[in-house]
Each structure stands twice: as C-alpha cells, then as structure tokens.
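Using the sequences provided together with the hints, build the complete structure.
Protein chains: 2
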Amino acid sequence: MRIEFISTGDEVLSGQIVDTNAAWISQYFFHQGREFTRRYTVADDLESLIDIITETSLRADVVIINGGLGPTSDDLSAEAAAKAMGVPLILSQVWHDHLVVKYAKSNRTLSVSNEKQAWLPKGCEIVDNPVGTACGFSFQFNRARFYFTPGVPSEFKHMVTEQILPDIQQRFTPVTIPTLLKIKTFGISESALTERLAALSLPSSITLGFRVDFPTVEVKLLSTVEADLSRARALVNAELGELILYEGDGSFAAYLQNVMLEKGHTLSLAESCTGGLIASELIAVAGSSGYLDSSHVTYSNESKSRLVNVDKTTITQHGAVSMEVAAEMAEGAMLNAGVDFGIAVSGIAGPGGGSEDKPVGTVAFALASKTHTYSQLLFIPRRSRQGIRGVALYIALDMLRRELLGLDLSAEFGSIERRDYRIVDK
Amino acid sequence: MRIEFISTGDEVLSGQIVDTNAAWISQYFFHQGREFTRRYTVADDLESLIDIITETSLRADVVIINGGLGPTSDDLSAEAAAKAMGVPLILSQVWHDHLVVKYAKSNRTLSVSNEKQAWLPKGCEIVDNPVGTACGFSFQFNRARFYFTPGVPSEFKHMVTEQILPDIQQRFTPVTIPTLLKIKTFGISESALTERLAALSLPSSITLGFRVDFPTVEVKLLSTVEADLSRARALVNAELGELILYEGDGSFAAYLQNVMLEKGHTLSLAESCTGGLIASELIAVAGSSGYLDSSHVTYSNESKSRLVNVDKTTITQHGAVSMEVAAEMAEGAMLNAGVDFGIAVSGIAGPGGGSEDKPVGTVAFALASKTHTYSQLLFIPRRSRQGIRGVALYIALDMLRRELLGLDLSAEFGSIERRDYRIVDK
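One line per chain: the protein sequences are A and B, in this order. Quick note: the first sequence uses the working numbering, first residue 38, plus one each step. Quick note: the second sequence uses the working numbering, first residue 38, plus one each step.
Worth flagging that the hints you see were computed from the coordinates, not collected in a lab. Given the structure is predicted, the values throughout are model-derived calculations rather than measurements. Heads up, a few of these hints could be off.
One copy or any two copies: either way a pair holds, since identical chains are not told apart in the list.
Under the rule of at most 30 Å between Cα atoms (straight-line distance), these lysine-lysine pairs were calculated in the DSS-like manner [claimed, not checked]:
1) K219 - K159
2) K463 - K159
3) K463 - K395
4) K153 - K257
5) K257 - K194
6) K142 - K395
7) K142 - K407
8) K194 - K153
9) K257 - K463
10) K300 - K349
11) K349 - K407
12) K153 - K120
13) K300 - K219
Below you can see the structure in the form of structure tokens.
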C-alpha cells in the first residue's frame, strides 16, 4: 500500500518554516504500523498543486495534503483539487452554517474571506475540524484516496488522529498497531548503541530505532508481538545496564521528581557554568516545589562565597573549577537550604577561559548528602559552549539518579574523561 | 529554472529524524536568491531511489540528493544513480587514495566497507568533501544536473556552500544575491505583524518574511536593491517602534550583554517561576561573567527570605506572587550582590496553583536600580507551563532593555494584560 504526504506552502518550501507536521505524521503513522512511501513539499501556486495532485493520484493509494485551507488568497488547495479533478467548487451549506455559528459565538459575523473556507470540490466528503475554521475534506481521485488537512499543527494533529487514520484503517486492510517501548540512555553514542544492540540478536519482529535528543539517545523497540518486546527489553537492559536512565515518555527531570517525592528527599543546587540550566530543567516539571528548594547561580567567585560559603582560599588554592570548590558549593547549598542533597557544577564552558591544565570542557561536579560528599573532575571534549553545558546538566542529574538508586557515582560516560574523583564520608 | 531536492533515508521518511538538512538548504538557497520548486523525501531502497532519480531527471534543471553515501549496505545512492543512468559503478582511484591517506593519518587501514565510498557512477565528477569520508559527486542526466551529498549536516553544509552553489552559479544564469535584514520583535503576534506591515506599501523589490521563535517574531526583509531595503527598514522601524528588540543575528541575551558591558553595568537576578531560565539564557553567551554576578533561584518561600531578604510578612500579606514580593526580591538581589540592577520574577506557571484572584499565568516582575524600583503584575493568558515561563523570560529581559535605553517600562505586550504596576523612586 502506497501512502504519500504532500506539504504545501512557500514558507515551508523556502525553509522559513521547519515542517514539523510532516515529521510528526510520519512518526505517528510509523508507530501505528503504517509507513509513508514518499513525501513532497511543493509551492502554493495553482499549477504546482494541480501537478502534484494529478501525479500522486495515479501512483498512491492514500494521499494526505497539508496546508492551504485558510481564508487568504494564497490558500489554493481546494481550488487545485477541484481543477485537477475537473469539478467545480461548490458551497458546503453544512460548513457554512457551522462557521456562522462558530463566529456568532465570539460575536463576529462571517466575512467573505472566511466564507471561502466553505467552498469545497463538488462530491467530496467533509473531514470535521472541531478545533478550527478550516474544513478538511476527502475524495477518491483515480487510484488514490485524498485527505486535505489544515496547516495549523493542533488542527492537523486532531484531524489525523481522530478521523483520517481511523478512516484509513476502515477503508484498507487493517494493520495491528505495534507497541512502542522507549528506553532513554545517557553516556553512549548512537553509533556505539547501534553496534552493541545489533549484536544482541533481538527477535525478528522487533524494529529497532534510535532518537538522539542531545546528550541522550532514546532506544526504540517496536513490535506487534508482546512476548518479543519483553524479551528484547530484557536483552537491552542486560546489555546497557546503568547506561539506561529510565523507560517511557517524559523527561529525566520528571523521572527524578517522582523518585525524590517518593523518598521524601529535598534538594538545593549551586550552579556556575550551567548557570540555572539544572534548576530550570527541574522546575519545568509541575510539582517540583515538592522537593526543590532553591538554586544558587554563583557565577562570580564572590557569589560562591556569599551564597554557598565557599572559602576564598579554596578558590585561590585550587581555582573556581576544582573538585574542592564544587564540594564546598554542594555542601553550602545543602546546609544553607537545610535540605537532604546539594548538587554543584563549576566548569569552563568556553570558548575562552581554558588553560593547558584545565582546557575548555573541564567541569567539576559534586553531590553532598548527610553521609558523604562525592566530587569529580571531568573533561567533556569537542563541544560548543552550549554542548558542554548540556552534557554537564545530564551528568549532574545522573549523579542524583545514582545516589537515589544506590549506584556507583563514578559512572563511565563514553568519550568523557574522568580526570579525578573523591568520596569524603562524614 | 527548476531546482529540486531529494532527502533519502527510512529514518527521515518515518519521522525518526527531523529533516534539518532540507530546511537548512531551502533557507540558504532562498537567501541566495534561488528557490526550490519541489522537495521529496524517499525511502532508501534501490527501487524508490531509481524511480525518483529518473523522474526528476526529466523535469528539473538541478537536483540535489541528500544521504545514502555512507559505508553501510543501506547506503544505495551511488548504485541507484548508476542503475538509473545505465552505467556501471567504477572505483575512483582519486577518492580511494584520498581515503587511504585519511585513514592512515588516524592509524587505521581502509576496510572493504569504507572502500565502497570510492565506487562512483562511471563518468561522474567528484564533489570534494574535505570534512568527511563520503565522496560527493555530480553528473548530467537527461535535463538535470545532479549533485549527490552526504547526510551528515556539517559535511552537507560545507559541500553546498563551498562547491555546489558556486557550481550552479557558474553553470546557470547567475542571480544577484539579495541582502537579508532581520528585525526581532516581541509583544506582537505574527498575524498582527502581517497585517500592520502589509499596510506599509513597502518597495516592490522587498520580500517580507516572518519567523516565529517563540515568544519573539523575526521580521525578515529581503531585497537586491539596497536603497529599497533602507527605505523598508525605516518604514518598519517607524511602524513598530519599541516592539523591536534589536536587529541582526544573535540572541537577545547577546544584545543585552553588549549594552551592559558598554555601559559598565552589573546585574543579579532573583527567579521563582522562571527558575534559572533567565540566568541560563544570559550565561549561554560567552563573556556574560563581565556583567552577571549571580541568580538566586528562590523556589521556596523560605529561600526568598534567606537568599534575597524578602520579609516573611510581605509574603503572608501579599502572597509569593505579588509586586511587593517581586520588588523585595529584586532589591535583595541587587543589594546582596552589590550590583547595579536586580531583576526578579515570581509567578504561577501552572498547571496547578492558580486561584480566582491569581489564575495560572499571573506573574509579578520587578527591576531594581539605585534610583528606583519598578514592579508590575501581568497576566499571560492561554499558555502551557513552558509557554508562561518562556514569555516571562522575555518580559524580564525586555524590562532590562527598556531600563538601559531609558524607555517607558510599562510596555504593552499584545494579549498580555497588565493588572497593576508601580514605580518607587528612592
């Protein structure tokens, strides 16, 4: 079965807009066991649209077209569909009345340009759009079943999930919807993951996929056979062990929040090179006030002393980027805030500020608890300022995960070098 | 002239990878005065590739194909090109020798799978790839000039900018490269911008574009006529006034950093609902330590008192989300850090925590300086937790801009309601 997708619009074609609708529907269909054979991006002029509708009508079984259903003169999809099929546009009284009611609700009357959205190719079927004013529509033309959809992402997604995919399932041989298992990893590259998991001889029903969400990589296992999925999951778990952060959707911050709330622990941070990034990531999850007290973004040396009691002589002796300073920052954050854990990061994110001894990418981390303080000095090679900060964020959060789960805090993180580490028991 | 682009690969087609190469080259070509007529995304099986190469060879003048030049068995672009043209693959001694030298430099020998990258369709010309091992190549087939490019974004971009575009300029009628002017706005929606700028009667050589980078919108003016561009810039400036944050590339944080360093001012922050987001955005720019001392991420009420001296009775009387608390936070941050400005944000980002009096989206802001403290209570409607935090970030930074430029701090921000504001002179 050939399913094709057409993105329309000069703004998409000229790269002014990144085509997230195409990526979204491709992934959504893939996870529903349907795959596109081809995707197109075309300009929103009448000739281009008529060409592509005619071409795909002869080749595909299903064609989904996105965009060009709005009220402006650039919105030509309905007209192009009618011209391609050689039928007139006629006013859909149903959609016209629907629009009149919709506008009346917000005390507006229907303008001529908005009425345009109710003119559809003769003989087509309406695809309802409960969240917008653009009317979706569908028809058979030559070999293909066509679905016209609006460009607004929320309207598009609603129409695809609620109406178009169910309609395809009904019209064509149904497929079993596979189950998708997501496993989030950190500390291993996509290529290393590919190599290690390829050697596992996973059950043949499994489709193995990866999604890089820097600096993490998500392993995706897709199968219609539940037993195979369980077996694959066990094999992947055994192979990757502590490199796995967590399973399922949601962020690492959300995962950590659940564990922190479950255990009733509290946290305060002291951030230098990450500069609020860790706090911001944790606070992005609603309910984070249940365990996160504060973060001390101590960017200047003076603020390290003022806010988290770092001894000025420690900075003079070891430098601001050192295990000693990070340890004092973490302890200061924990003690001052009166919480269970303090986590601190101090590093050289670059591009300036590096030295031979401590090049750009050198980052000191510490985690203080009531029983011990762990600190480490790592070197994150070959990354931009934002890259170093992004990796440092995940290393800091992974230290908390390891502390909470009772794992060794001296984790190996792929290409990241551990220059030094220390555990001080209290 | 018809220029078409083909993205290859199952991972792109199934939405596992967002096709940033396609968006990048489309935008790059657009800014160079060339536009694509159509883009395709196809699977990396031999038949699909041969089909699309043949189809486009009959229709287009230039076809750029991306991906499938790697060493693995999925990489079929060269084979498909040869099959489509009916020529054999032959070993390029030049590229083979190049690979041998490249591998020798890192003490590796060329494997059979890597040697595959030197087998190219007979009669093609090499397109050099100084940053990778995949060999680009080019040939004429039917109507079209074909360029085959690697999927790795850095290699792809290098090849397009250094070789392919110059080659196209040479082979086809050259176009004048237009000048692009970017104007970043905040506080006005894309649709409102479109309406207001459409009414300006800009010179006809101007192409007007918009790029939403939430919560800002960039206005893009593109023209080959410098005088028209100046005139358009003046018209847009007169129309939008204070809604314009700055011009050119770079972030708002980088713009503010320049002004702060120029004026020799220093800053400390106190963040509650933004939770480190403002600090993180500022610290993303290298050199931010020149003016940013610290941020106090005071998520708990207790930390507001401990870190930035908020009076506990102020919180009891007015609530943590109030102009009074924000003003004390900003003053505490400024005084404790011993800097020129303190900026504070305290709000209800949701989804929980709202009340009838202070619904989700209510955010208090304050800016303290040595001469005055300005505070305001705003309501940011209809946004997710992340949306509210993102808008709050820009409002806070815009307050700093307005303070630095001597503008009125009570700005209007489109749909955002000002519930209250206060200026206290010292």
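Structure-based check of all given hints:
no.	hint	verdict
1	K219 - K159	neither (45 Å within a copy, 44 Å between copies)
2	K463 - K159	neither (80 Å within a copy, 72 Å between copies)
3	K463 - K395	within (29 Å within a copy, 45 Å between copies)
4	K153 - K257	between (44 Å within a copy, 29 Å between copies)
5	K257 - K194	both (22 Å within a copy, 29 Å between copies)
6	K142 - K395	between (65 Å within a copy, 27 Å between copies)
7	K142 - K407	neither (60 Å within a copy, 50 Å between copies)
8	K194 - K153	within (23 Å within a copy, 42 Å between copies)
9	K257 - K463	neither (42 Å within a copy, 60 Å between copies)
10	K300 - K349	between (35 Å within a copy, 29 Å between copies)
11	K349 - K407	both (24 Å within a copy, 28 Å between copies)
12	K153 - K120	within (16 Å within a copy, 48 Å between copies)
13	K300 - K219	within (25 Å within a copy, 50 Å between copies)
The structure is inconsistent with the numbered hints 1, 2, 7 and 9, although it conforms to all the rest.
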